[in-house]
Amino acid sequence: MGSSKYEVVIGLEVHVQLTTQTKIFCGCSTRFGSAPNSQTCPVCLGLPGALPVLNRKVVEYAIRTGLATHCAIAPRSVFARKNYFYPDLPKGYQISQFELPICEHGHLEIETEDGGPKTIGITRIHMEEDAGKLLHGEGPEAGSSSFVDLNRACTPLLEIVSEPDMRSSDEAIAYLKKLHQIVMYLGVCDGNLEEGSFRCDANVSIRPWGQKEFGTRAELKNINSFRFIKQAIDYEVERQADILDDGGKVVQETRLFDSVTGMTRSMRGKEEAHDYRYFPDPDLVPLVVSPEWVEQVRQELPELPEAKVARFIREFGIPRYDAEVLSADRAMAEYYDATVARHGNGKLCANWVMGEVQRRLNEDGVAISDSPVTPELLAALLGRIDDNTISGKIAKTVFEEMWRSGDAPDKIIEEKGLKQVTDTGAIEQIIDEVIAANLDQVEEYRGGKDKVFGFFVGQVMKASKGKANPAAVNEMLKKKLQG
Amino acid sequence: MKITRAEVEHVAKLARLALQESELDALTGQMDAILDYVEKLKELDTDGIVPTSHAVPMENAFREDAVKDSIGVDKALSNAPESGDGCFRVPRVIE
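Going down the list, the sequences are from chains A and S. Take the working numbering: the last position of the first sequence gets the number 483, and nothing is skipped along the way. Take the working numbering: the last position of the second sequence gets the number 95, and nothing is skipped along the way.
Treat the hints as calculated values from the structure; they're not laboratory data. All of these numbers come straight from a predicted model, not from anything done at the bench. Among the hints, erroneous ones may be present.
Partner residues aside, some chain S positions facing chain A, computed with beta carbon under 10 Å [what the hints assert, rightly or not]: (1) L24; (2) G29; (3) A33; (4) Y37; (5) L44; (6) L77; (7) C87; (8) R92.
We put the beta carbon where it would ideally sit given N, CA and C, even for glycine.
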């Protein structure tokens with residue numbers, strides 16, 4: 001240990017897999033989980049003479065992402081070949097962008113541990129193709145073989161490179177979560193970390209406090225969850241601190257994170273990995289993005305999380321915490337928005353969406369877009385609390401039934417006889433019966449034991465099967481008990 | 001000399017070329033001559049000229065995001081020196 005002597009410096013490279021139907025340079029499907037090599041053609045197999053042609057949608061998604069992260073969109077950008085040999089790379093080069101990426105000079109705002117905002121610079125965003133997938137160790141003779149599936153080869157990626165602006169693993173996670181949320185809001189990425197749709201490499205170095213120059217960095221690869229990224233960075237910081245404490249030097253290298261041991265280890269055997277000999281790909285003509293195109297994409301941008309949070313607070317009067325929970329996911333935010341639009345009470349709707357709705361979704365593992373209780377139905381239910389047809393408690397029973405049957409609340413209230421009793425005569429009768437059956441407790445109450453009041457409320461509500469109007473019960477009970 | 005023999009060896013290694021001693025000598029000479037020629041081109045005044053990345057004056061060749069039929073696993077693997085389980089089979093790349 002000894003990391004407190006050093007300042008941590010982190011820069012992140014995130015690979016975002018785009019949700020296009022087809023690959024970046026050919027018409028093969030990008031569907032996940034198909035039989036190996038069933039989604040391939042001469043272009044993505046890298047056969048001689050095949051000509052890659054750029055998927056227009058990939059450019060649109062890149063512009064969208066660039067705008068959402070405050071980047072400048074390059075009027076002209078160029079694809080380049082990044083040359084290296086690996087069995088998952090059929091052409092012997094990866095088509096990427098190098099000198100002229102499509103987006104540059106952006107930033108994101110994150111919240112730091114102490115609650116303050118911090119701006120993290122985005123150096124660049126460029127488009128590139130993914131490599132294939134290597135499978136190891138299957139079958140009897142697999143001992144000396146690896147198997148190559150090229151379905152993923154040529155799948156469109158955005159590489160989003162941050163400035164080395166983060167100073168702790170928590171800041172790195174905050175940045176990643178923000179970026180993850182944005183690409184999902186934009187609809188350019190499905191955000192599935194396990195399937196590799198959102199992958200992160202972390203460049204980590206440390207330096208004595210006050211030193212201006214960066215320390216030597218290690219690049220951490222192969223991390224597919226936010227928790228593991230934090231673990232990997234924290235491990236790496238300690239490792240480097242130990243080296244410096246012992247008077248040693250950190251070596252610049254690529255390290256793999258092992259989620260089983262929680263450690264990073266040096267990745268050997270990829271010598272000369274930095275000598276990629278980039279040059280413009282002659283197969284792909286330069287990309288020119290007009291200001292009109294950029295403007296069109298800008299017009300079509302969805303409302304982003306930060307703007308939503310601000311609007312929810314301003315227009316619906318809910319606390320920031322609620323607004324942030326509700327905006328975490330775009331589908332959830334739209335559900336909430338639609339509910340409030342029909343019902344009007346922002347806080348009540350927030351409580352229900354974050355409470356009952358979220359709980360049921362979690363229990364059943366259902367996406368909010370597939371909720372059997374739609375915003376229309378939820379708003380109708382809440383309306384029945386407002387007009388005293390049912391109490392908030394009975395509303396939860398009705399909600400359960402709505403969830404199961406998909407029926408409208410009025411139908412359920414009617415069929416199950418759940419309508420709230422506001423008739424004072426009926427309530428009075430129940431109260432009289434409860435009092436008559438519990439004379440001891442009446443004495444206690446009159447003797448000054450106020451707590452017994454709750455007992456009476458409970459008994460009355462129970463006798464009415466929860467249908468008595470709670471406000472009316474309280475008022476009348478008080479009168480009766482005081483005798 | 002614009003390029004050293006060690007640099008030629010390095011580039012050959014990156015390109016996975018196994019060169020004989022005599023080939024290395026010959027290539028070092030040839031590459032040096034090429035670089036000499038490029039050096040001569042540098043004499044031209046190219047101020048204000050955008051670097052030419054492509055020989056054809058063309059831009060923005062796009063395709064729409066519509067799925068086309070792939071060629072099928074059998075065809076995809078038909079040139080593979082070795083295959084198995086629907087995959088290209090290669091020497092094992094990790095321990």
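Any of the earlier hints contradicted here, and which numbers? Result: hints 1, 2, 3, 4 and 5 break, sorted rising.
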